[in-house]
Every structure is written in C-alpha cells, then in structure tokens.
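> Each chain, written out:
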Amino acid sequence: MIKKCLKAFYIGLILLVLYAPILLLAVYSFNEVDTLGPMGEFSLKHYAKLFGDPAILEMIANTVVLALVAAALSTILGTAGAIGMFYSKRRTRNLMNGVNQIPVINAEIVTALALAITFVAIGVGKSYFTLVVGHMVLCTPFVVLSVLPKLKQMDHSLYEAALDLGASPMKALFKVVLPEIIPGIISGFMLAVTLSLDDYIITSYCKPSTFSTISTYVYNATMKGNVHTAETLSSFWALTTIIFVIILIVTLAANLTGRKHEKKEVKG
Amino acid sequence: MAEHIIELKNVVKYYDDTLVIDDVSFYVNKGEFITFLGPSGCGKTTTLRMIAGFDLPTSGQILLNGKDISLLPPNKRPVNTVFQRYALFPHLNVFENVAFGLRCKKVVNTYENDKGEQYKKKEKLSKKEIADKVKKALTLVDLEGFEKRAVSTLSGGQQQRVAIARAIVNEPEILLLDEPLGALDLKMRKEMQIELKEMHRRLGITFIYVTHDQEEALTMSDTIVVMADGVVQQIGTPKGIYDEPANAFVADFIGESNIINGTVVGPRKVRFCGRDFVCVDDFELNEKVDVVVRPEDIEMCAPESGMLKGEVISVVFKGIHYEITVKVGKFEFIVQSTQSRQVGDVIGMNIAPDAIHLMPQKHNTNLFDGVITKHNTVEFAEGEFDCDVTQLYPGSHLDEEEYLITKEGEKLDLTGTEVRVEVSPNDITISDDENAGGTMGNIISMIYKGDHYRLIVRTPEEEEDFVLATPDLWNENDYVSVIIPKDKIKLTLKPAEEKR
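Chains as they are written, first to last, in numbering that gives the first Met the number 0: chain H, 0 to 267; chain L, 0 to 499.
These are calculated hints, taken from the structure and not from any lab test. Even glycine gets a Cβ: it sits at the ideal position worked out from N, Cα and C. Treat the hints with care, as some may be off.
Selected chain L positions facing chain H (Cβ under 8 Å, derived; list incomplete) [as the list claims (entries may be wrong)]:
hint, residue
1, Asn-74
2, Lys-104
3, Asn-169
Beyond 12 Å from chain H on every Cβ pair, some chain L residues (computed) [unchecked claim]:
hint, residue
4, Phe-25
5, Asn-79
6, Leu-139
7, Asp-177
8, Lys-326
9, Lys-410
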C-alpha cells in the first residue's frame, strides 16, 4: 500500500515539475494582472489583446505559413531523398545515411552560422527565400529519418510486383510505394512543422530583419533593456496557452486514433 | 518441334563481384510446365528474376519468341510473376489488386470515322472490361465474392490465390512462380499443387516454377532444370532425372539414393563393395565412377541367395514403406521396402542391372594454380602449405640456405615460381582448429557415399574448391581449415607458355 502511494507520489512529482511552468502561465493568462506576482480577478483581457493586435496576428500568420511552406518542401525533398537512398547500392546508402545524420546531431548554431556565412559568400541577401532554405535544411533530415523505416518495413517485392504488372517506374512509385510509406511521410511532415514552428536559432540567422516569427519576437521581447513593456509580453501568456492546448489536442487525437487503428488491425 | 518461347543463351550474372549464374543456356517450350529446382543460393531465383526483368544478365542473351529481351524493363515484358510472399498491395482490396495490371494496360482499338476510314487509337480498358476480366480471374481461383475484402483479412492460401489471379488476369505468355507455395502448410501445399497443375492445363500458357522442394518439382513439372552453384546440372523430365541422374549431386538432391564409389571392370560391368555387378551403362575400362542405386530398387532376399550380404542396423517405419539400413562390410545401404526386418537380421540383397546407374566422377582430384614463396612453401587457394619443392626438378636437393640445387649443380631461387598443385581427395583432412591447416573454407556440399562422405570445401574469397573424402559427419556451411600433409602435395612446373 505504502509502496503504491510512493509510486503515485513519485510520478505526480515528475509530472508536476514537467507541467507546472506551463500551467502557471495558463493560469496567469486568464488573470487581469500584467506581471507575475499577486493574482487578481479572472479576465480574458490578454486574449482580447492578443487577437486585437494586428502586429501579433501577422507574426503568428508568418510563423504558421513559414512552417507549412518549409515543412511541405522538406517533406517532398526528404521523401524523394529517402526513396533514392533506399534503392541505392549499399555503399551509397550508408554514405547518404551518414551525411543525413550530421545535421541532426550537429549543434543547430553551427548549421545556422554556416548557412548565414554561405548566403553571404554566394551573395544572396537575407530574404524569405533564405529563411525557407534554412528551415528546409533543418527539417529535411528528420523527414528522411521518419520515411526510411517505413520503406524498410515495406515488402521489397511490392515495387517489383507493380512493374511486373505493367506499371511504369513512376506509376509504381505513386500507386504502390507512396501509399505504403504515407504514414512515415505524414509523421515526417508533422515533425517538420513542429521543428519549424519553434525554431529560433536558424530563423534569427536567416530571416530578413523586418520579418518576425513567434520565437524571434518573444525572444527579442524578453531581452533585457527592450522597449517592449510587460503589458505586451503578457499577451504571450495567452498565446503560449493556446499553442499548448492545440498541441495537447493534436497529440491526444493522434494517440487515440493510433490506438483505434491498432485495435482494428488486431481484429483483422 | 515445339516452339521455344524462352531461350537463355550463355547467361552470366554477377552481383557486384560474386558470380551467381555461370554460363547458363537452356530453352523452354511453349505451353510447358518447367521447374527450376535446386538448393537455396543455387541461382534458380536469379534466373527467374532475369526472365521477369528484375535483374539484368551481366552477359548473354534472353530470347522471348526469338527476340532479344535481355535488357527490356519488366513492365514491357509479356510475363507475370507470382511472388514468394505474394507481394499483394496492402492498401488495395482484392478487386483493385487483381485490376492493377489491367489499369496499367493500353490496348489498340480500331475505329471508323464518318468518311469510312479506319483509324487506330490506344485506349485504356473500359470499366466494364476490367470488371469482367477480374471476375473471370477470381472465378478461376475460386474467390468469387471476395472483391471488396481487404487483403490483410485473407488467409495465406487465399492471398496466394489472389496473387495468382492478379498475374493471370493480364493473360501473360509466361507465368513465373517463385516458390509460391513455400509459406503454406503441407496439406494446403498439396492441394495448391494439384490446383496449379490444373490451372496450367486450362490456361495453356507456359509456367516457369521455382522450388527447392524436389517432390513438388517431380509432381508438377513437364521438365525440370536442376541447378546448383549457378550452373545447370541436368535438364530432363521428372522420370528421366530420377532414373538417370547426371551426377552425384543430382542423385543426392532428387530422391533418396545410395551413392558409392565404383570402378568399371569390363563392358557393362562395375565393381563396388568388393563384388562385380552387371549394369546397363557403358564406361571406359578402369574408370572411377559414382554408382547410384535407389533404395526402392534394392530387393531383399535370403542371405545365401543375394548378391550382397549384410546386417540390418536400423529399421524406420515411414508410413507406406520401411526404411532399412543395412551394413555390408564397411558400406551402409538404405533399402525401402514394404516388408519389415528386425535389427540384427542378416539379409541378402539383389540389385537388377537396370537399377545400377553409373555416373562419371566429376571431382576425383584437386588442381590449383600456386606460387612458391621464399620459404619454399606453396601458396594457393588463399593459403600457404608446406611442400617438397625438390620434386619440381628430379634429382635436386636443397642446400643449407634453402636454395635448390639441381642435378646439374645449378643453384636456383624458386621464389615466385608458378606451379600446378595437385592433391588427391583422400589426402586432405579438415579440422575445426583454425590454425591446423594451410587455408580455411566453408563446406558447400556433402554427399554420403556408403562408407564415407564426399565434401566440397570452398575458400571464401577466391572460391577455390577442395574435394575430399572423410569418414566423419560434418555440417554444410561449417567453416573448417584444410590440412594437407607435406608429402601429399604434388607440384609440377607450369609450362612456359602459360606463364603470365
């Protein structure tokens, strides 16, 4: 009995440490005060402010659009790369695998600096284009990593079977291989979206100076000596809460449908 | 003469640097049920894949109806394949799986326009045509009403049928089947064998079938191509191959057999087990041969009236017959009979002349190209062996510095001399101890010869083969070291023109 209690207490403690900061923000986001400290009345004013400020809304839109564009392009590039790697000779494949993992393991700041220097060296000014390229550099390896296992799981002879039945290699790819690896592609895309959404380092090195994403905006706003008042900052409590809730819903939904799917397969 | 639908001409295939198909040539008659039979890794699946177009031959030609298709991609060939693990498309239902090939197909239709001129148009099959053809194919494999089912909900046997329907719906000229029954249980397999044979009869198209199951091959085929080690060992009818195996490998692989070393002692006379037997095959006098006697061809009789006399050492009941092992001197014979005997019985055995089949011995010596090292050892087959170099020059000897002094008193440094190395199979022994011998290799073949095993040990890199005889039982794929005594290595100088 005591053991059971201790177990529950231990898990509770860990969850508390993990989620307390976010919960704290969430609680304050529904409060009228603008600074952390003594609580005031319940209020939705932070939310009103968030949705009332066109600058903030534009920045949110920027972030989301950038994430979707970069993730879509990375997914196409990464999926093609994974398929190419998978069907290469073993030596090429191993080499490509290694090359693909370096950006994953490498410190992001190194990648960011290298990108910035490269853009300068080839004379490309920082623009939306460089920003998208930067995010693709960040995301593509992860897409490759999530698509490759699906290819490995796939029955090798499916592609050959399609060719055997008269499909051209292109048709075999789209009609047989892609449907098989689509779960990997989707999770790769989701991963890319998440990576791009919360990226700060690469964004700050590749973005044009007039462009802001949530992360660069928040970072600049919280910097010491910044002109932003605590009042502006407090509307981010609301934003953080919204993002957290969205992520929570998406994760729960993904887990639940995943579980349903498994059950169905077991039944089948 | 029957039409050759497929013909392979001197086909060679390398995967990277490994030779998997070594100069294979044969043809397939139109409408035939032909089986490629052999142990795993013998090249049978690779041959099939080259006919399907998944692998391209390194050299040589594949002709379809006389036209070279060696380099044609698989989607352009009028052949369809039933894969080993079926390879059904999991995201499509049964109907869509079967319709896949039809949806890829384009047919040329002829139309007439207003002025009465005819013109041709390449078109996809209509929905109705596809539906009709799929229905027909599914009926043929007894799967009517399964159209909407997901393939993952089908049993192994049903998936197998879908795979067959998916292939034959395209009306291929040749149906390729790559061990299609391998994943089914025994009873299912037997049923499918009969069904496939029946399907072959009804469709009238050529079936090329790959299997490692000799019984399956014997049951189903019109013609069997026995392959081993990337080489065709024998082509013939099931009965021809069973009754007249071309060599010890085929005899050992197909059916049970007693294989014994024999010597030809006269016209249609062979000596083995210390006795002369009359047989029907003619070989040169004194030629060493492999003698094959099928266990069911040995007749048991009273001890005094038999050609051979031996003691029963084991009796195993096999359902329709008894398998009796009889020891004759140091040789063991397997006899299959509906009559039983007791262990310890002394029995006589008779073998009719036409039950004794003689085959030339392919490997009765080992030949290698070697090079003499500076330590007066010889290097060959990825190893180094002690040897007596003085045999290269009759009457020579070695001086104290290990130089060779010829009969004439000439001093020779043999380092780098290229020699021919010859070793008798009986002089080679093998060991588990890695350091015991001069080189190492894997056992790639093992055939029981009545009183000993004949093994082939292959070195891993250069694939040099040692043939040897041993009384001990080893396992295939064992990695062993090869031991040859110094005085058993026969060296001869290579003729000058052969030197590089």
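> Each of the hints needs a verdict: does it hold here or not?
Do the hints match the structure? See the list:
Proximity of Asn-74 (chain L) to chain H holds as hinted, the smallest CB-CB distance being about 5 Å (cut-off 8 Å). Here the hint on Lys-104 (chain L) is kept, as its CB sits about 6 Å from the closest CB of chain H, short of 8 Å. The interface hint given for Asn-169 (chain L) holds, since its Cβ lies 7 Å from the closest Cβ of chain H, which is under the 8 Å cut-off. The claim that Phe-25 (chain L) is not at the interface with chain H holds, since no C-beta of that chain comes within 12 Å of its own (minimum 22 Å).
Not every CB of chain H is more than 12 Å from the CB of Asn-79 (chain L) (nearest about 6 Å), against its label as outside the interface. Non-interface status of Leu-139 (chain L) relative to chain H is upheld: no Cβ of that chain comes within 12 Å, the nearest being about 17 Å off. Against the 12 Å criterion, Asp-177 (chain L) falls within the reach of chain H, whose nearest CB is about 9 Å from its own CB. Lys-326 (chain L), annotated as away from the interface, keeps every beta carbon of chain H farther than 12 Å; the closest lies near 49 Å.
Remark: the non-interface label on Lys-410 (chain L) is consistent with the geometry, its nearest Cβ contact in chain H lying 50 Å away (cut-off 12 Å).
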